[in-house]
Structure formats: structure tokens, C-alpha cells
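*Asks:* Each residue of the sequence shown is one higher than the one before, starting from 5 at the first, in the working numbering.
It should be emphasised that the hints constitute simulated quantities derived from the structure, not laboratory data. These figures come from a predicted structure and were not determined experimentally. Glycine included, each C-beta is placed from N, C-alpha and C at the ideal position. No incorrect hints appear here.
Computed spacing ranges between beta-carbons, pair by pair:
no., residue 1, residue 2, range
1, Asn195, Glu336, 21 to 27 Å
2, Ser284, Glu128, 51 to 57 Å
3, Glu341, Glu27, 41 to 47 Å
4, Arg223, Pro101, 52 to 58 Å
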Amino acid sequence: MEEIEYDFDVAVTFAGEDRDFVEEIVRLVQADGFSVFYDEDSKVATWGEDLTEYFSNVYEQRARFAVMFISASYAAKPWTRMERRSVLSRALRESSPYLLPVRLDSTALPGVRESIGYLDGLQEGPLGIADAIRGKLEQPRSDGSRRFNGRVPRTEVEVAVLLGERPTGWEYLLFSYWLAAGLERLNPQYNDHVIKFAIGGDPVSDEDLLDFSSSELARIGSVTSTFESLLLGPAQEAAMGRPGEPGDPELIEHLADRMIAIYAELLSWEYRLRAAATWSDEARELLRALANYANQPIDEIHRFVLALRAQMDGLSEILQSGKSVDWSQTIEFVIPEEVSKQYLDSLEAFKLWRQT
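Sequences and hints are given; from them, build the entire structure.
*Replies:* Now the structure itself:
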């Protein structure tokens with residue numbers, strides 16, 4: 005039996021009073037790459053349309069599942085009554101579950117049988133409902149199989165599908181997944197970097213500061229050169245495979261993990277310098293100026309990973325069209341001139357202060 009292609013993975017129907025709760029769920033599900041019919045996202049599409057026909061068509065034909073958020077407000081509204089009728093009309097025709105009810109209170113809804121399994125929205129919360137929706141969408145198709153969706157995976161289930169099918173270029177999709185997953189894990193540290201937050205560091209005495217600064221400067225140079233060697237050296241060939249040869253999934257994950265470890269080290273290095281306790285303003289300014297050496301490498305790795313994933317999301321479509329792929333994503337670590345000048349000026353100011 006041929007699998008039906010839907011415009012939306014899920015359509016939500018709810019009362020306006022419950023919008024905040026529903027929207028949080030919608031955004032969580034969308035963040036994993038699923039398409040959700042949500043009225044606020046469809047203002048342009050519905051502009052000028054007969055809304056009764058448009059919405060009825062969505063709920064009866066265009067979505068794989070409909071999630072109905074049941075509440076007293078939902079039961080009382082004439083507009084949601086129309087949406088409910090469309091959902092129930094489709095549900096009666098389907099041999100497999102289509103209506104996924106979520107209760108926000110104890111309201112009994114005409115037409116929705118009590119025997120249908122539902123989730124308690126207040127008990128599960130937005131995160132629990134979003135996880136349940138994602139789980140439902142990731143179930144096998146009616147023929148028992150799953151299908152590669154043509155993009156970089158966002159979940160472990162999608163990774164399993166990718167490795168099961170291994171389309172052309174799968175190595176780069178998998179590599180992009182592991183890089184992006186590592187980046188996401190370090191979001192709190194990256195946000196600290198963005199706002200330049202750091203507290204509770206170890207003390208550095210004025211007597212040790214010059215030697216400390218010199219060794220730390222050498223350290224960051226070693227860290228960035230290691231990243232470049234991983235990206236451009238034989239490590240990539242070992243993981244991705246030589247031309248015409250398949251890659252090694254375990255080495256691909258390991259390579260991405262090592263690159264993210266370097267990113268984490270840069271974030272940690274910058275944090276440690278900014279947090280270091282000193283006894284003079286001159287020493288503090290010197291360490292802050294030195295910490296700025298990590299700014300460009302950190303931001304460049306962050307940009308590189310997100311740009312690579314965006315590029316790889318379109319790889320399969322281009323390959324399927326028969327077009328050749330001539331892409332590149334470069335990464336370059338350059339210390340801006342103003343950063344070097346600030347450090348040298350701060351170093352000179354500290355030396356002059358020590359002489360007085």
C-alpha cells in the first residue's frame with residue numbers, strides 16, 4: 005500500500021484561551037523538524053481564503069495526525085466545534101488512529117468517545133505532550149518501515165533511519181548531526197561567552213601573571229591548531245572514507261566529538277581567564293584582554309557547525325535531482341588586529357604598573 009504524503013505532520017485544534025500552552029508544544033515539535041499546522045503560522049496562507057473550507061480541508065485531508073486540546077473553552081466555541089467536526093469526520097474514515105486528544109480539564113466533548121486513549125495535558129505538561137507527539141510521528145509507517153526524510157537528523161530515531169538506509173552522502177549528514185548535537189549541549193557555556201559572564205575563578209598573583217599569560221597564549225594556539233588538523237588532516241579521510249569508499253559511523257561520531265571537545269576547551273579557557281581573581285585592575289584588564297583571543301575561534305566554530313548543517317540539509321535533494329555538488333564550508337581562525345592591540349596595550353600597562 006502506497007504511503008500517503010501529507011502537507012503537515014500534525015494539525016492542532018484548540019481554544020484561544022489555551023493558546024500559550026499549545027504554542028509551547030508547537031514550537032517544541034517544530035524544533036525537531038516536524039511540520040505543524042498552527043493558525044498563527046498560517047496567516048499569509050489563509051489570507052483571503054474561505055476559512056471554513058480551508059480549515060476543514062486541513063483537518064480532513066492535509067495532516068497525518070490531529071491533536072485536539074479539550075477544555076471547557078474548546079467545547080463552548082462555535083469555531084472549534086467546526087474544527088472538531090472535521091477531525092471526527094476524518095477519524096471515522098481512518099483504520100488507524102488519527103485523533104490524538106489532550107485533556108486540559110474534565111470537560112466531556114460530544115463526539116469524542118471516552119474509550120479513546122488521551123493524555124492529561126496538566127499532568128504531562130508541554131514538554132511531555134511534545135515528546136508524545138514526536139514519539140507518535142516517529143513510529144513506523146503502515147508498511148512497517150521508516151523513511152529517510154532527506155535532511156540532517158534531529159533525533160536518535162532519525163539517525164537510526166539514516167544509518168539504515170545510508171543514502172549518498174550519509175557520512176556528511178551524520179557528521180553534521182553529531183556536531184550540531186554537541187553544540188546544543190554546550191549552549192549554556194556559549195551563552196556565558198556571549199554575555200561575558202564568569203565568576204569564582206582561581207587567583208593569579210601579580211608576580212606570576214606574566215608567565216601565566218605567556219603559557220595561556222601558547223595554550224590557545226595549540227588548541228586551535230588541533231581543530232584545524234582534525235578538519236583538514238587524515239582524520240577526516242579515516243572517518244568519512246576515501247573517494248568511492250563508505251565512511252565509518254563510529255569514527256564519524258568520534259571525530260565530531262573531538263571537534264566539539266576543542267570547542268568546549270575554548271569556552272572553558274575563556275571562562276577561566278575571565279573568572280580569574282587578581283589583586284589589581286591592571287592585572288584584571290590584562291586577563292580580560294587575553295580572554296578575547298578566544299572570541300573569534302569560538303564564534304567561528306559555532307558559525308561553521310550551524311552553516312554546515314544548513315548546507316547539508318539540502319544535500320540529498322540536490323543529489324536526487326542529478327546535479328553535481330560543489331560545496332565547501334571553510335573555517336578560519338584569525339585573531340583580529342584590535343584584539344592583539346588591546347592585549348599588547350594591557351600587557352605594557354601592567355608592566356609599567358609593576359615598575360612603579
